[in-house]
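Undergrad: Sequence:
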Amino acid sequence: FMQSSPIVAMLWEGIDAIPVVRKIVGATSGREAEAGSIRGDFSMSRQLNLIHASDGEESAKKEKGLVFSDEEVVEWQSADECLFYSSEELGE
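Take 1 as the starting number for the sequence shown in the UniProt record's numbering and just add one per residue.
The reader is advised that the hints may include incorrect statements.
Pairs of lysine to any residue residues, derived as SDA-like cross-links and limited to a Cα-Cα distance of at most 20 angstroms, are as follows [what the hints assert, rightly or not]:
(1) 61 <-> 91
(2) 61 <-> 17
(3) 23 <-> 49
(4) 62 <-> 8
(5) 61 <-> 8
Keep in mind that the hints were calculated from the coordinates and are not lab data.
Because the structure is a prediction, the values reported are computed rather than measured.
Assemble the whole structure, with the sequences as input and the hints as a guide.
TA: Laid out in structure tokens, this is it:
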């Protein structure tokens, strides 16, 4: 499906990023997805899906390589990270 139309690809990071993003995205079937989730608000089909989110770290690593080269991904530190996470969550 990624080849059927243009895509906007993103890599998200953060504490528990995968389960948090999957909650924002919603259940795979739009008809079963919770209202307020992306799929719940904008999708009906299970197959013709408008958004994808990796289901775990291994699949995220694999899928990252399908879209991005190593040169396109940069390491960085967010200046406002301390506003989103406590020092305990950051391991400080």
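Undergrad: Name the hints, by number, that the structure is in violation of.
TA: When the structure is compared with the hints, only number 1 turns out to be violated.
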